[in-house]
Amino acid sequence: MNILVCVSYVPDTAAKIGATPDGSALQLQGVKYILNPYDEFAIEEALLQREKHGGRVVALTVGDAAATEILRTALAMGADAAAIVTDTTLDSYGVAVQIAEYARAMNADLVLLGRQSIDHDSFQMASTVGALLGMPSISVVSKLDIEGTRVRAERDVEGGKEILEAELPIVISVQKGINNPRYPKLPDIMKAKSKPIETLQAQSVPARSRHIRYEVPQQKRANIILGDSDADIAEFVRLLHEEAKVI
Amino acid sequence: MTTAVYIEHRAGSIKRASLEAITAARGIADRVVGLCIGTADTQTLRTYGVHEIVAIEHAMLTRYSSQAVAEAIAQYVRSAAVGALFLGATAQGKELGPRVAVLLETAYLPDCVALSKEADKLVAVRPLFAGKIRATVEPLTERVVVSLRPNMFTARPAETPTEPTQTTFSPELSQEHCRVVVTDVVRNEGKLDVLEADIVVSGGRGLKGPEHFALIEQLAAVLGGAVGASRAVVDAGWRPHSEQVGQTGKTVSPNLYLACGISGAVQHLAGMSSSKVIAAINKDKDAPIFKVADYGIVGDVFEVIPKLIEQVKQLKQSTAS
Ligand SMILES: Cc1cc2nc3c(=O)[nH]c(=O)nc-3n(C[C@H](O)[C@H](O)[C@H](O)COP(=O)(O)OP(=O)(O)OC[C@H]3O[C@@H](n4cnc5c(N)ncnc54)[C@H](O)[C@@H]3O)c2cc1C
Ligand SMILES: Nc1ncnc2c1ncn2[C@@H]1O[C@H](COP(=O)(O)O)[C@@H](O)[C@H]1O
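Respectively, the protein sequence lines represent chains A and B. Residue numbering for the first sequence follows the working numbering, beginning at 1 and increasing consecutively. Residue numbering for the second sequence follows the working numbering, beginning at 1001 and increasing consecutively.
Errors might be hidden in some of the hints.
[Unchecked claim] With a Cα cut of at most 27 Å, we get these calculated DSS-like pairs of lysine-lysine:
| id | chain 1 | residue 1 | chain 2 | residue 2 |
| --- | --- | --- | --- | --- |
| 1 | A | Lys143 | A | Lys32 |
| 2 | B | Lys1208 | B | Lys1313 |
| 3 | B | Lys1291 | B | Lys1307 |
| 4 | A | Lys32 | B | Lys1250 |
| 5 | B | Lys1283 | B | Lys1250 |
| 6 | B | Lys1250 | A | Lys245 |
| 7 | A | Lys220 | B | Lys1291 |
| 8 | B | Lys1283 | A | Lys245 |
| 9 | B | Lys1276 | A | Lys245 |
| 10 | A | Lys143 | A | Lys52 |
| 11 | B | Lys1191 | A | Lys143 |
| 12 | A | Lys16 | B | Lys1291 |
| 13 | B | Lys1191 | B | Lys1117 |
| 14 | A | Lys161 | B | Lys1316 |
| 15 | A | Lys220 | B | Lys1117 |
| 16 | A | Lys16 | B | Lys1250 |
| 17 | B | Lys1191 | A | Lys161 |
| 18 | A | Lys220 | B | Lys1285 |
| 19 | A | Lys16 | B | Lys1276 |
| 20 | B | Lys1307 | A | Lys245 |
| 21 | B | Lys1117 | A | Lys245 |
| 22 | A | Lys245 | B | Lys1291 |
| 23 | A | Lys143 | B | Lys1250 |
| 24 | A | Lys32 | A | Lys52 |
| 25 | B | Lys1285 | A | Lys16 |
| 26 | A | Lys245 | B | Lys1285 |
| 27 | B | Lys1283 | A | Lys220 |
| 28 | B | Lys1191 | A | Lys245 |
| 29 | B | Lys1208 | A | Lys220 |
| 30 | B | Lys1291 | B | Lys1191 |
| 31 | A | Lys245 | B | Lys1313 |
| 32 | A | Lys220 | B | Lys1276 |
| 33 | B | Lys1307 | A | Lys32 |
[What the hints assert, rightly or not] Not close to chain A: a few residues of chain B, all C-beta gaps over 12 Å, as computed:
| id | residue |
| --- | --- |
| 34 | Thr1047 |
| 35 | Glu1138 |
| 36 | Gln1166 |
| 37 | Thr1168 |
[Said to hold, decoys possible] Computed from the model, here is a short list of chain B residues facing chain A with C-beta under 8 Å:
| id | residue |
| --- | --- |
| 38 | Pro1110 |
| 39 | Lys1132 |
| 40 | Arg1179 |
Hint data in this document are derived by calculation from the structure and do not stem from the laboratory. Every residue gets a Cβ at the ideal spot worked out from N, C-alpha and C, and that includes glycine.
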């Protein structure tokens, strides 16, 4: 089975991110970048599926050359090969086009992604790539079984769980809970350092949307903090009922 | 401009996220078309001021397939003079939106929390980096597909109901479009989901053990809310992952979010900071959760929650009579 796993390089969740006073740009100085946490589940799932069905796992990222770091992690975990499409100007759609091109060229049977990239939290990549490839896609999958070309998946929806059936080739985005990502061992980390990483030029894709302004949200919260006396608790209930009108 | 809204319904009953999308569409478009797979509750659509109801009918749509539904919506939008398509950013909407956008070769603006017009063009606001930044984004294509974060737009009936025209649209679909289908839906019976509840009462490590979540469940029950949890207690196996709120859990924006024994780590805030009202109970007055709270009680959950339950019960009795 040819498996492509897509990984993204994102600011650490604890990073301080600001905007310039005129709102024209983000302030990302000194921000530490990490492998998108959900993509660890995607890599692990790729490795598990390879263990079952044989084949090859290729890890791909589209972004800054510095993102090569996360490809080393994917290789250390067990990916067979890795590739980076260098670009820093594409919008999400443009990134999806690069991923779809790569998947087509390697004849991917299974494209795995994380459910969301924690930078833009857009939840769109799996469906966008699926549509570009004319393949079915299933997002936010918490259980995946593949037998031959039959795919069975489960995903959380509002108020319950959906069971889906599909066919390969397919694009799947995964959710925490699907597996337990392995930690690469030191010898694997060392070995990964010498595995080759393919570098490709991005093909230019006109952007379909554009950020015109950034701002740091101003929280306008009442911020009334009370003690724990009976009177305080009564006041708390009154505030929720009469002022906020939410209970 | 005409805006089409994808109407998500379960056995005819329309999801609130779709009513919110209709309300938002009315605010910016002169004509609103409700797009339904099969038949949805016409009376409600009338009350919400929809001008046209389009029932999409096809034998291949009897079992839900995101691929087929996206194809059908795209065919309809192409056939009609529709400038924008709105969807609720629900589990379904988040899969359909990007697909339809690719098929229509348009911009897709995901999970938007506000909409406006600038120079007669639709622009949207969406949170980035777990809500640390609000970005204003504009489509660079003529048409646009927009998904709206649930609970950020108020669903409000129109001032005067409409008499919508009702038409049927028959898309051309083949087996090619149905290579993924939903074969079953398992409902969490009798349990309110954090994504659908108006009130979410969440518990964290301050509850000390899974057995004490009975307190959270009781408080949620008297308030008519759902139970949520921090990642710490989900990782510890005290609560199921479906209840986790936060960056690696669910993003909720209820009317009231009540955090009990939760410190308020940024990753937790990422999942609930757009709630209308935030309240917290924590014994540490310096807990970060209080910085984002509207109302807080500095106290021990084991002492405060039982009293709170009593007081809420009294309130409910007095308002009921
Ligand atoms: C990549 C990443 C993703 C993450 N995603 C999420 C996520 O989706 N959701 C999430 O919640 N977290 C997430 N986290 C974890 C997050 O950083 C915190 O560790 C977690 O939210 C802490 O949970 P907590 O508030 O229950 O526990 P703690 O931080 O231990 O806080 C417990 C709180 O309870 C209070 N307390 C203790 N006893 C009592 C008492 N008797 N009465 C009242 N108060 C009491 C304490 O004062 C304290 O504030 C993520 C972390 C990372 C690195
Ligand atoms: N620049 C990128 N390069 C490779 N994969 C990406 C990139 N951006 C997003 N992805 C993949 O798409 C998933 C969902 O991202 P998104 O739809 O942007 O929230 C991520 O978890 C990654 O697997």
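Structure-based check of all given hints:
1. Between the alpha carbons of Lys143 of chain A and Lys32 of chain A the distance comes to roughly 31 Å, so the proposed pair goes past 27 Å and is violated.
2. Of the pairs offered as hints, the one joining Lys1208 of chain B and Lys1313 of chain B holds, with about 25 Å between alpha carbons and a cut-off of 27 Å not exceeded.
3. At roughly 24 Å between alpha-carbon atoms, Lys1291 of chain B and Lys1307 of chain B fall within 27 Å of each other, so this suggested pair holds.
4. The straight-line distance between the Cα atoms of Lys32 of chain A and Lys1250 of chain B is roughly 24 Å, inside the 27 Å bound, and the hint therefore holds.
5. Between Lys1283 of chain B and Lys1250 of chain B, the direct Cα distance comes to roughly 25 Å. Compliance with the 27 Å bound is thereby established for this hinted pair.
6. Between the alpha carbons of Lys1250 of chain B and Lys245 of chain A the distance comes to roughly 25 Å, so the proposed pair stays at or under 27 Å and holds.
7. For a cut-off of 27 Å, the pair hint linking Lys220 of chain A to Lys1291 of chain B stands: about 11 Å separates their Cα positions.
8. For the suggested pair Lys1283 of chain B and Lys245 of chain A, the alpha carbons sit about 25 Å apart, so the restraint of at most 27 Å is met.
9. About 11 Å separates the Cα atoms of Lys1276 of chain B and Lys245 of chain A, which keeps this hinted pair within 27 Å; it holds.
10. Using a Cα cut-off of 27 Å, the hinted pair Lys143 of chain A and Lys52 of chain A holds, with the two alpha carbons roughly 15 Å apart.
11. Between Lys1191 of chain B and Lys143 of chain A the alpha-carbon distance is near 22 Å, which keeps this suggested pair within the 27 Å criterion.
12. A hinted pair counts as satisfied when its Cα atoms are at most 27 Å apart, and Lys16 of chain A with Lys1291 of chain B qualifies at roughly 16 Å.
13. Taking the CA atoms of Lys1191 of chain B and Lys1117 of chain B, the gap is near 40 Å; set against the 27 Å cutoff, the hint is violated.
14. Among the hinted pairs, Lys161 of chain A with Lys1316 of chain B is inconsistent with the structure: their alpha-carbon atoms are about 33 Å apart, more than 27 Å.
15. Of the pairs offered as hints, the one joining Lys220 of chain A and Lys1117 of chain B holds, with about 24 Å between alpha carbons and a cut-off of 27 Å not exceeded.
16. Of the supplied pair hints, the one linking Lys16 of chain A and Lys1250 of chain B holds, its CA atoms being roughly 22 Å apart against a limit of 27 Å.
17. As the CA atoms of Lys1191 of chain B and Lys161 of chain A are separated by approximately 13 Å, the hinted pair is consistent with the 27 Å bound.
18. This hinted pair checks out: Lys220 of chain A and Lys1285 of chain B have alpha carbons roughly 20 Å apart, not beyond 27 Å.
19. For the hint pairing Lys16 of chain A with Lys1276 of chain B, the CA-to-CA distance comes to about 24 Å; that is within 27 Å, so the pair holds.
20. Among the hinted pairs, Lys1307 of chain B with Lys245 of chain A is consistent with the structure: their alpha-carbon atoms are about 20 Å apart, no more than 27 Å.
21. Restraint check: the Cα-Cα separation between Lys1117 of chain B and Lys245 of chain A comes to about 31 Å, which exceeds 27 Å; the hinted pair is violated.
22. Taking the CA atoms of Lys245 of chain A and Lys1291 of chain B, the gap is near 21 Å; set against the 27 Å cutoff, the hint holds.
23. A C-alpha spacing of about 17 Å is found between Lys143 of chain A and Lys1250 of chain B, which places the hinted pair at or below 27 Å, so the restraint holds.
24. This hinted pair does not check out: Lys32 of chain A and Lys52 of chain A have alpha carbons roughly 36 Å apart, beyond 27 Å.
25. Distance hint between Lys1285 of chain B and Lys16 of chain A is fulfilled; the C-alpha atoms sit about 23 Å from each other, no more than 27 Å.
26. A threshold of 27 Å between alpha carbons decides the hint, and for Lys245 of chain A with Lys1285 of chain B the separation of about 25 Å falls inside it, so the pair holds.
27. Taken as a hint, the Lys1283 of chain B and Lys220 of chain A pair is honoured in the structure, with Cα atoms around 24 Å apart against an allowance of 27 Å.
28. Distance restraint check for Lys1191 of chain B and Lys245 of chain A: the Cα-Cα separation of roughly 24 Å lies within the 27 Å cut-off, and the hinted pair is therefore satisfied.
29. Taking the CA atoms of Lys1208 of chain B and Lys220 of chain A, the gap is near 32 Å; set against the 27 Å cutoff, the hint is violated.
30. Between Lys1291 of chain B and Lys1191 of chain B the alpha-carbon distance is near 31 Å, which puts this suggested pair outside the 27 Å criterion.
31. For the suggested pair Lys245 of chain A and Lys1313 of chain B, the alpha carbons sit about 16 Å apart, so the restraint of at most 27 Å is met.
32. A threshold of 27 Å between alpha carbons decides the hint, and for Lys220 of chain A with Lys1276 of chain B the separation of about 11 Å falls inside it, so the pair holds.
33. Distance hint between Lys1307 of chain B and Lys32 of chain A is unfulfilled; the C-alpha atoms sit about 45 Å from each other, more than 27 Å.
34. With a closest Cβ-Cβ approach of about 23 Å to chain A, Thr1047 of chain B is found to remain outside the 12 Å limit, as its non-interface label requires.
35. Taking the minimum C-beta to C-beta distance to chain A, about 5 Å, the non-interface status of Glu1138 of chain B is violated against the 12 Å cut.
36. Against chain A, the non-interface label of Gln1166 of chain B holds: every CB pair exceeds 12 Å, the least being about 28 Å.
37. With a closest Cβ-Cβ approach of about 25 Å to chain A, Thr1168 of chain B is found to remain outside the 12 Å limit, as its non-interface label requires.
38. The criterion of a C-beta within 8 Å of any C-beta in chain A is met by Pro1110 of chain B, whose closest approach is roughly 4 Å, and the hint holds.
39. Given the 8 Å rule on beta carbons, the hint for Lys1132 of chain B holds: about 5 Å separates it from the nearest Cβ of chain A.
40. Annotation: Arg1179 of chain B was flagged as interfacial toward chain A, and the flag holds, the nearest CB pair being 4 Å apart, inside 8 Å.
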